[in-house]
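J.: Read off the chains here:
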Amino acid sequence: MSERNGEVRIGVYICHCGVNIAATVDVRAVAEYAATLPGVVVARDYKYMCSDPGQEMIQQDIRDHQLNRVVVAACSPSLHERTFRNAVERAGLNPFFFQMVNIREHDSWVHSDREAATEKAKDLVRAAVMRVYFHKPLERRRVPVNPDVLVVGGGIAGIHAALTVANSGKRVYLVEREPTIGGHMAQFDKTFPTLDCAACILTPKMSAVKEHPNITLWTYSEVVSVDGSVGDYRVVVKRKPRYVREDLCVGCLQCIEACVFKEAKFDDEFNLGLSKRKPIYIPFPQATPKVVVIDPEACIQLRTGKCKKACLEACAERGAIDFEQKETYEEIHVGSIIIATGFQTFDPRRMPQYGYGKYPNVYTTLEVERLVNASGPTGGQVVTRDGRVPESVGIILCVGSRDERTNRWCSRVCCMTSLKLAHLIKEHTGAEVFIFYIDMRAAGKGYEEFYQRVLNEGVHFVRGRVAEITDWAMDPSEEGKLIARVEDTNTGFVRRIPLDMVVLAVGLEPQFDALNVQRLFGIGCSMDGFFLERHPKLAPSPTYTDGIFIAGVCQGPKDIPDSVMQAGYAAAEAIALADTGFFELEPNTAYIIAEECSGCKTCIPLCPYQAITFNEEKKKAFVNEVLCKGCGTCVAACPSGSIKQNLFEDEEIFSEIEGVLAYA
Amino acid sequence: MEDKPITDQLVTSADWEPLVVAFFCNWCTYTAADLAGVSRMGYDHNVRVIRVMCSGRVDPQFVLDAFAHGADGVLIGGCHPGDCHYVEGNYKTLRRYHLLKRVLRDLGIEEGRLRLEWIAASEGEKVAKTINEMVEQVRALGPLRLTRRFKEWDAELASHEAEAQSEEVATHA
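Residue numbers (numbering that gives the first Met the number 0), protein chains in the order written: chain A, 0 to 663; chain B, 0 to 172.
Just so you know, not all the hints are guaranteed correct.
[What the hints assert, rightly or not] No more than 27 Å apart at the CA atoms, straight line, and that leaves these computed lysine-lysine pairs for DSS-like:
1. A:Lys307 with A:Lys239
2. A:Lys261 with A:Lys307
3. B:Lys100 with B:Lys150
4. A:Lys536 with B:Lys128
5. B:Lys100 with A:Lys600
6. A:Lys261 with A:Lys305
7. A:Lys536 with B:Lys125
8. A:Lys209 with A:Lys239
9. A:Lys444 with A:Lys425
[Said to hold, decoys possible] DEER-style ranges, computed between Cβ atoms:
10. A:Ala34 with B:Arg39: 24 to 34 Å
11. B:Asp14 with A:Ala466: 54 to 64 Å
12. A:Lys46 with B:Arg39: 16 to 26 Å
Just so you know, the hints here were simulated from the structure itself, not pulled from any lab data. Each residue gets a CB set at the ideal place from its N, CA and C atoms; glycine is no exception.
Could you build the full structure based on these sequences and the hints that come with them?
T.: Below you can see the structure in the form of structure tokens.
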């Protein structure tokens, strides 16, 4: 073996990681054992291998002992493989003459038996020593990065990310599936804890998106396919027909006035069905772009082709209405992608005990946002569905949050949203407001202070999970009311509280089609269905797919300031990637030993990237290393063993297998 | 007779501990194992994880080689169908897995010694659970000890050959 590689001189380093490893693994014993392995010239243990002195120790040993292979047993390679490769490289060695052993995440942190954990560490170190023997010098591959960025989702996170990237001079494509950008924030009335109006702070940013010379805004559009990888993603966007030409419509809304439907009779999505709209409509007055849209399910012309088309006449001068419009597909090339697809609110019909959908005066927090909004369906009047001003209102927290039966997570915004709505309802109606809570969570700048303010305003806080909402009156004072049956856990009494209006603080959930989005972009999902970040603390926006970042609630429940911060972070990552201009890839591509290739073509259909081509003249297959992503599937399938994978050569893996089993 | 597993003939010794070799894909299952570590989800120590970029890289020879070198069980972990970082490497693993199971059966190695599991990056708990189940299952099956068996078989073969030779000598004589 040694003839092929010259004299192999291996240095082995066992990290204590403070006590993280050393408390469970006898690091000294592992180092002493490693020193006895063939080829090992020096073996040491050290408190923190990743620290400067730790790295310096390796470099010094490379110089003093003419090491040509290095093994570090420490944490997961996903954390520090790059650190040590760079350290090795700085000492003049090829960075791929290095192998990392995971004795923290895969050993000391999951085992408690010191003897067994130490034996396991020895096995893993032995496997790495045997493997590194076969390592070869490799070149890092660089791919160029297209500076253009795609942002998916036009809520506050997507808007902020798009503006930040665009302001750095990069081209941004912002794709939103609804007819307007703005997302959930556009539906909110005021924002906690400062009570500034959501529209007042959001709409200028929406206009800035529309006006920005570097932003291409595609609303009513969806990403349908994503190909390529970091630096060069090829994305196809479907632009749904709005039956109105965006380039011609000026948003005068005369077509809506003229529509043959004199009465608006279709549920208005923006107002959550609390008001009606016509088949031709604009989602809300500040919609961006300010372009009307025709609902093909409702429009007589689009359904039957037999309408007198009053809208067409109203727009005769500009001719923006086009019933013949078809969906179109745009292909774009971008270097990175920011996903900010947001959330949906919990459907409270899943908790029938609260009577949502059964009792008309049970609302969700989002519906009440629209009710208190001056441009909402009631012009800012908080009235029940039967037109009464409520005298008592109950807000139930944690509906679809912190509940084993529905969603286990805390949705983080409902406490503050409910405090805000309690304040606003009191301000609008003077009603008695009850908040039913499990715990009040008001962590955030100025949040606790706002909680105190609402407490002082005389809102009643009842600590207890409401058992049910019923209209079954037990005495005349309850007639015509909704009654909240709740155990007040502060006093220990079961109470019946009559209410005119019940508001359910519904939690935040992943979008209904989050799984499709996850698969489309090839990113991961957490257990709860929110998109998975690369690291929960240190990389909460990058994903495991290079060049794809996540921002906003699609990553996990958060409020507006946190969404904006994460969007800025995602934008900074995308800008940094674009400005660097290249991305370094693992050199783990496959290659074919032409003399050994039998020309059987087994490998060709296996490659999902069409990276393998067949030379009919020579009857040999070839791997295009630019297209190869390094999965190794073809390598495993090659019957003649003529396909190899850098970093995962057969002999490297076989020796690793042999290494972990040497004492079996 | 042909279905009788070879381990039936072995006696389980008291000091024997099962050893499982696991091939985990870099993107889903290896990451999930890291998560299990970060979340301190304890599991059986009788497992040794080997990282590959994709479960599609797991050459059936790796599995056979692990058994041949003394593994009592082999676990392969990949991304859930549809979630593969390399589009569809896990489907190819699945196809090979079913073929490999038949090969193992023909070799007299119990099916329970090989397991393929889809474990997503977020499923740290599933890593711990799967490893524990696998180790228990292999413990119940008893030692495979192919390395020792190979030596015994070689010795047996040699003695047969010697016998045949001496018989041949006898008939000729």
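J.: What are the numbers of the hints the structure violates, in ascending order?
T.: none
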